[in-house]
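> Given chain A, put chains B and C in place with the hints provided.
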Amino acid sequence: MKRRALLGAGSAAVLAAPALVRAAPPPRDLLVQAMAFDDVLSLDPAESFEVASSEVLGNTCERLLRFDLDDPSRLVGVLARDWRLGADGRSYRFELAEGLRFASGNALTAEDVVFSLARAVRLDKAPAFILNQLGLSKDRLGSALAQDGPLALSLQTSEAFAPSFVLNCLTAIVASVLDKRLLLAHEVDGDLGHAWARRSHAGSGPFALRDWRANEILTLDRNEHFHGPRPALARVIYWHVKEATSQRLMLVKGDVDVARNLTPQDLDALAGAPELRITATPKGGLYYIGLNQKNPVLAKPEVREALKWLVDYDALGATLIRHIGRPWQNFLPQGIFGASLAAPFHQDIARARALLGKAGVPDGFELTMDVRSTQPDQGMAEAFQQWAARAGLRISLLPGDGKQTLTRYRARKHDLYLGDWSVDYWDPQSNAGAFAYNIDNSEHPATKPLAWRNAWDIPGLSHETLAALMERDDERRRADYERLQDEFRRSAPFVILCQQTQVAALRREVQGYRLGPTSDTNGLAPVSKLGGGVA
Amino acid sequence: MNQPIAEMSPHGKRWRQFRRNRLALTGAIVLALLVVVALAAPWLAPFDPYLGDLQHTRLLAPSGAHWVGTDEQGRDILSRLLFGARITLWIVSLVAVIAAPVGLLVGTLAGFAGGWVDTLLMRVTDLFLAFPRLILALALAAALGPGIGNAVIAIALTAWPPYARLARAETLLTARADFVRAARALGASPARILLRHLMPAALPSLVVRVTLDMAGIILTAAGLGFLGLGAQPPSPEWGAMIAGGRAFVLDQWWVAAAPGAAIFVVSMAFNLLGDGLRDVLDPKSAD
Amino acid sequence: MRTALRFVLGTLLTLLGLLAVTFFIGRVVPVDPALAVAGDRATEAQLATVREAMGLNRPLYVQFGRYLRDVAHGDLGQSILTANPVGEDIARVFPATLELATAGIVIGVVCGVPLGVWAALRRGRAVDQAVRVTGLLGYSVPIFWLGMMALVLFYVRLGWVAGPGRIDLAYYYAVPRVTGLLVVDGLLAGNLAAVRSALAHLALPALLLGYFSLAYISRMTRSFMLAELKKEYVMAARGRGVSEARVVWRHALRNAAVPLVTVVALSYAGLLEGSVLTETVFSWPGLGQYITNALQNADMNAVLGGTLVVGSVFIVFNLVADLLYRALDPRVR
Chain A
1 MKRRALLGAG
11 SAAVLAAPAL
21 VRAAPPPRDL
31 LVQAMAFDDV
41 LSLDPAESFE
51 VASSEVLGNT
61 CERLLRFDLD
71 DPSRLVGVLA
81 RDWRLGADGR
91 SYRFELAEGL
101 RFASGNALTA
111 EDVVFSLARA
121 VRLDKAPAFI
131 LNQLGLSKDR
141 LGSALAQDGP
151 LALSLQTSEA
161 FAPSFVLNCL
171 TAIVASVLDK
181 RLLLAHEVDG
191 DLGHAWARRS
201 HAGSGPFALR
211 DWRANEILTL
221 DRNEHFHGPR
231 PALARVIYWH
241 VKEATSQRLM
251 LVKGDVDVAR
261 NLTPQDLDAL
271 AGAPELRITA
281 TPKGGLYYIG
291 LNQKNPVLAK
301 PEVREALKWL
311 VDYDALGATL
321 IRHIGRPWQN
331 FLPQGIFGAS
341 LAAPFHQDIA
351 RARALLGKAG
361 VPDGFELTMD
371 VRSTQPDQGM
381 AEAFQQWAAR
391 AGLRISLLPG
401 DGKQTLTRYR
411 ARKHDLYLGD
421 WSVDYWDPQS
431 NAGAFAYNID
441 NSEHPATKPL
451 AWRNAWDIPG
461 LSHETLAALM
471 ERDDERRRAD
481 YERLQDEFRR
491 SAPFVILCQQ
501 TQVAALRREV
511 QGYRLGPTSD
521 TNGLAPVSKL
531 GGGVA
Chain B
536 MNQPIAEMSP
546 HGKRWRQFRR
556 NRLALTGAIV
566 LALLVVVALA
576 APWLAPFDPY
586 LGDLQHTRLL
596 APSGAHWVGT
606 DEQGRDILSR
616 LLFGARITLW
626 IVSLVAVIAA
636 PVGLLVGTLA
646 GFAGGWVDTL
656 LMRVTDLFLA
666 FPRLILALAL
676 AAALGPGIGN
686 AVIAIALTAW
696 PPYARLARAE
706 TLLTARADFV
716 RAARALGASP
726 ARILLRHLMP
736 AALPSLVVRV
746 TLDMAGIILT
756 AAGLGFLGLG
766 AQPPSPEWGA
776 MIAGGRAFVL
786 DQWWVAAAPG
796 AAIFVVSMAF
806 NLLGDGLRDV
816 LDPKSAD
Chain C
823 MRTALRFVLG
833 TLLTLLGLLA
843 VTFFIGRVVP
853 VDPALAVAGD
863 RATEAQLATV
873 REAMGLNRPL
883 YVQFGRYLRD
893 VAHGDLGQSI
903 LTANPVGEDI
913 ARVFPATLEL
923 ATAGIVIGVV
933 CGVPLGVWAA
943 LRRGRAVDQA
953 VRVTGLLGYS
963 VPIFWLGMMA
973 LVLFYVRLGW
983 VAGPGRIDLA
993 YYYAVPRVTG
1003 LLVVDGLLAG
1013 NLAAVRSALA
1023 HLALPALLLG
1033 YFSLAYISRM
1043 TRSFMLAELK
1053 KEYVMAARGR
1063 GVSEARVVWR
1073 HALRNAAVPL
1083 VTVVALSYAG
1093 LLEGSVLTET
1103 VFSWPGLGQY
1113 ITNALQNADM
1123 NAVLGGTLVV
1133 GSVFIVFNLV
1143 ADLLYRALDP
1153 RVR
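Residue numbers (this note's numbering), protein chains in the order written: chain A, 1 to 535; chain B, 536 to 822; chain C, 823 to 1155.
No wet-lab data here; the hints were simulated from the structure.
One should not assume that every hint holds.
[Stated by the list, open to error] Derived coverage of chain B by chain C (criterion: at least 3 residues anywhere in the stretch with Cβ under 8 Å from a Cβ of chain C; other residues may be distant):
1. 597 to 611
2. 728 to 735
3. 755 to 762
[What the hints assert, rightly or not] Taking lysine to aspartate or glutamate and the EDC-like style, the derived pairs with C-alpha atoms no more than 20 Å apart in a straight line are:
4. A:K253 / B:D814
5. A:K253 / A:E224
6. A:K300 / A:E275
7. A:K138 / A:E111
8. A:K138 / A:D124
9. C:K1053 / C:E1066
10. A:K358 / A:E275
11. C:K1052 / B:D786
12. A:K138 / C:E866
13. A:K300 / A:D415
14. A:K413 / C:E866
15. A:K253 / A:D29
Even for Gly, the Cβ is constructed at its ideal location relative to N, Cα and C.
One chain only, chain A, in its complex shape (with noise of 0.2 Å):
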């Protein structure tokens, strides 16, 4: 009897405990944000390409121009007050503001600047290409790049691009200037202080890294030396939750601020919720499906035009990519400069199966499809191998992880393969020379963009893409992308499926708070929240 009374009492009081313990929000000046972090692989803007990393480095650190969020074609100085082209096309010459400071307290001048751009061309890793490409290569430094006074400098590119090229390829992180003082101090093996960088901080963004522990948790601190307004928060705290549901859960019980990766049904569920609000905007990311022309069947002109006669716009839009994307039939995604707005493919399973008929093929045939095992990517999968099987495609998926995938990809070993491909920079350049330039069909190129991995051999198109980036005269441009995206419609084999939309949930006391269309232009700074929390 005893011991029945003692137990009852014992676990009364276990269960009792923990509510005791009350979880208080986030203080005032602290956001937290819900997010699933483990793409970030280095933090040294002249390596990493990841979407979260370049988030996080598009608020520690800063570039001479970004682009106006509101206006994209519209280039604003950040470190450099102004800039000028040469009658040549390709002196240009910027000069930088003045007092600029980076968070170590360092001055910030034009040989951080030189040193950065420099330095990201000799450490020669990804996101390099992106100034390889204005000819900013290894041997052309010297003439390449030159400081010309303490706060100016100037850039040589090696020909006469659009302007616009240019300056959106110095607004992408790799472009980032960094404390030149800071790096050389931890340099080690003449490594150019990268084994440092990549755990470190070296910017003169609002904010710097505090501390970063890998699929855990990446806190930034206030950047208390930072030349522009002083950012209400005095630190933001990135919690790695990879559970859309767990974020949920978390951002309606008040632990968190924002939610980053909830899916359609989340944001269907919360969106009446008052306490909270939902922010989208359009990304430069689509998600499209490659049709590998090594396969005979795929190479046919028929059969290309089918497929994208089998997707159902109108219910993916309604269903998988509700929220987080929205549908899209072009290769340059909306918001960038010349992307096209011409949407004529609908689903018309008709049509498909006549067009594949005059293919000869009446009766279908097999396919695999490589798609990542996330979502929205295998339930699109899914719905298109529905769609296909209804005009006679038998598809069986191959779902794998990111970089199984990615490897067989690479390697031209797929039939269809489904996948998503952001902008590296804002301009059309970047998604043109991904989807409609292949110069070198070979087994073994020197690089390998999406229309070779689809073994797409165009070197007419590949020819008019180039002109299209020379192209100085900003309406000849945008004509030259027109046409470039409606010869892409008619015969790549692409099918185009959908933009994607970034799209955070967040609790209402949070204020000011923007998603860019890109990761690097989420800013922090002109956040801040309301009242609550206790401190």
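Okay, now just chains B and C, sitting in the frame of chain A:
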């Protein structure tokens, strides 16, 4: 069935004892149902498990038309459960068919031969025993690629060691028994002794162990499917279905709950059955 | 002495086999590890450089030899995901899993043993069946689904426990990491609020794992107790007039505890593995999540390192269980 107990054969006695154990009987019935359902799935399923209408029948709640609702691709979940039963049965049978004989062979061989054969075999057994089953399966599936076949291989590779140990322990006991000694004295070949005497002696406890293991194997397979390393979409494997439904677990809970419940029921049935079998076949380890 | 030596040698051999198997698996992965490091936009030239730097062009046995030598020096290589030495990474994440598994086994024992005793005492009756079924329930349900449902019920609706993560952010940087076990570190730092927070976060996943191990532990306790209660000394004690409670708890259970330790050891090792699925649901930054992530990104060094650690723990626990089993059961010798 009203034979006096004294006259019943040992098997008859056991059967009667087994029948008395209600829970074990329930387990057996459930499993029998599983087999029936799996075999009759094409006739029982109200809809095609692979076809769904994205626009119109997506994520519908359980209703008269769809008893367990529909999933994120608009497919009827009940039909998918029924077809998924086949996959579950397939996985379970394959693992049992691969792992049990291998374990039996290795164990009896080791126990019988003794000496360096025993040491070598047990070393290998220990090596595989040393592997955390799920993590090895993860590694193998990542290496070989996702798919049911690879998942089965991965699970089977870690399932056999306990059977080997068990078989060896049983063999060590039996090998000393009189009838075995007699057989040896009579000149029976080792193979004959193994096949005729030692292996059958180890069978009862092995069967019990395998049955009890089945529950864990189903859960492991579900775990692999959940991590995306088992059966691939649109295959209606129950673990993969839970993974597919995990994004909807708050609002459309049935998408994940249904396959979860199915796994639970089958797993539980194996546990109950195994328990009952142990009581009957292996009274030493029972009470 | 000789037996002990044999065991040690055997264990080392097993460890070597473990390394060989994981190494082999790691090399069979159809992912280009250079790609994982350099990224999708890298040129062929850049990839070639990376491959050279990673030593991927050497023959397999040379790579394995290098690996063995490094491990002997405690160097498990560099993780491409975190840019840290793998050893450092594992040292950082392992305590989280350890904490979870330990809490789980404590719950499993604290609840499982009394339940098993109770079932043994009321053998054959409704209570016995109830205990068995309850245990089996925990053993039959997919743990990740149960975890999700539990989070919704106990965290969101009832607010009884804290949510995903190990500790409230407010205390994240307030507790210096000494052991890596947040409850212990919190106590060491004298920060009771942090300890309470850590416990609140630990509660649910630990309960889940504990429930999981409950089945096996209660079942085994029942078996051992029944075996003990049949023995002569029990009848003798009863005959002497010793109270039932003392007979059961002080005498029978004491003796049953010896084989029970074996069971607990094996259960514990099993929980370390079970945390792989639980950790994702609760955003618990432990070894399970680390290995899963590494596998998905072809971070081979991390995979090998993590599997080595888990495998070693398994081997050690198996060894312990084996020794105990041999010591107790003379039949097996």
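> All hints are to be evaluated individually against the structure, with a verdict given for each.
Outcome of the hint check:
{"no.": "1", "hint": "597 to 611", "result": "violated (count 0)"}
{"no.": "2", "hint": "728 to 735", "result": "violated (count 0)"}
{"no.": "3", "hint": "755 to 762", "result": "holds (count 4)"}
{"no.": "4", "hint": "A:K253 / B:D814", "result": "violated (49 Å)"}
{"no.": "5", "hint": "A:K253 / A:E224", "result": "violated (32 Å)"}
{"no.": "6", "hint": "A:K300 / A:E275", "result": "violated (54 Å)"}
{"no.": "7", "hint": "A:K138 / A:E111", "result": "holds (18 Å)"}
{"no.": "8", "hint": "A:K138 / A:D124", "result": "holds (9 Å)"}
{"no.": "9", "hint": "C:K1053 / C:E1066", "result": "holds (15 Å)"}
{"no.": "10", "hint": "A:K358 / A:E275", "result": "violated (57 Å)"}
{"no.": "11", "hint": "C:K1052 / B:D786", "result": "violated (53 Å)"}
{"no.": "12", "hint": "A:K138 / C:E866", "result": "holds (17 Å)"}
{"no.": "13", "hint": "A:K300 / A:D415", "result": "holds (13 Å)"}
{"no.": "14", "hint": "A:K413 / C:E866", "result": "holds (17 Å)"}
{"no.": "15", "hint": "A:K253 / A:D29", "result": "holds (19 Å)"}
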